[in-house]
Amino acid sequence: MAKKLIITNNIRRLRFFANEMTQLELAEKAGASRQTIIALEAGKYTPSLELAFRIANVFGVPIGEVFECKSEVDNGNDKS
Amino acid sequence: MSYNSKKNISSIAAGILIIAAYAVYAFGERAPAPDDLKSWATAMLVFIGIGVAAVIVIQIIFHIVLAVGIAAKEQDCNGKEVERIISSSMVEDEREKLITLKSAHVGYICAGIGFIAALVALACGWSAVAALHILFGTSAVGSVAEGISRRVLF
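Chains as they are written, first to last, in the numbering used here: chain A, 1 to 80; chain B, 1001 to 1154.
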């Protein structure tokens, strides 16, 4: 059975280290709305690959540094 | 409350207003005879036209009120800054498109249920006007449900 993927992100931390970049600034630079950035930081939305790359480009880091992927089986016991 | 939430509320209000206006007309004294299919169809077409016009007018008023509200709130900022805040809140990105698709699905489901219900009504021997009302009613409710689902998903 395919494992369920849990995608987390470090956008809040990266914004902090980018001179406390605001959500609005990030949204404008990444071509998204502020609501989308809020949803991303809250873990309520997983972006498309294109938006993920655009966010990574804004911070000038590899995409893997912004988004992390953990796998988990459906019952939630097996995390890796 | 975000721009999209406010916009949705104004759309839902417009939809509910049209349904209420139609209900007043349909149950009022000036309503056509129950078996007058042509008059009912004309009335529904007129109300659809009024609905489209009302949504456009309400959206225009909403945008004016929004711009004035932001300008009043950001009195320290110059015109360009206010313009920036307004334009950034109006950005339509992938998440909004996804939500629009999901909520449109809710509207289609309502319209589909209405179509089946209208066919069932006709099969049970109800009049064509009753079937027309079911179709019109479920479409109107569907558009309001679409707005509510957008509001929830945002």
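No wet-lab data here; the hints were simulated from the structure. Check each hint, because a few of them may be wrong.
[As the list claims (entries may be wrong)] Cut-off 30 Å, straight-line C-alpha distance, at most; resulting in silico cross-link-like pairs (DSSO-like, lysine-lysine):
id, chain 1, residue 1, chain 2, residue 2
1, A, Lys3, B, Lys1006
2, A, Lys70, B, Lys1080
3, B, Lys1080, A, Lys29
4, B, Lys1080, A, Lys3
5, B, Lys1097, A, Lys4
6, A, Lys3, A, Lys70
7, A, Lys44, A, Lys29
8, B, Lys1006, B, Lys1073
Status of each hint after checking the structure:
{"no.": "1", "hint": "A:Lys3 / B:Lys1006", "in the structure": "violated, 39 Å"}
{"no.": "2", "hint": "A:Lys70 / B:Lys1080", "in the structure": "violated, 43 Å"}
{"no.": "3", "hint": "B:Lys1080 / A:Lys29", "in the structure": "holds, 17 Å"}
{"no.": "4", "hint": "B:Lys1080 / A:Lys3", "in the structure": "violated, 49 Å"}
{"no.": "5", "hint": "B:Lys1097 / A:Lys4", "in the structure": "holds, 25 Å"}
{"no.": "6", "hint": "A:Lys3 / A:Lys70", "in the structure": "holds, 10 Å"}
{"no.": "7", "hint": "A:Lys44 / A:Lys29", "in the structure": "holds, 21 Å"}
{"no.": "8", "hint": "B:Lys1006 / B:Lys1073", "in the structure": "holds, 16 Å"}
Violation of the numbered hints given earlier is confined to hints 1, 2, 4; the remaining hints are satisfied by the structure.
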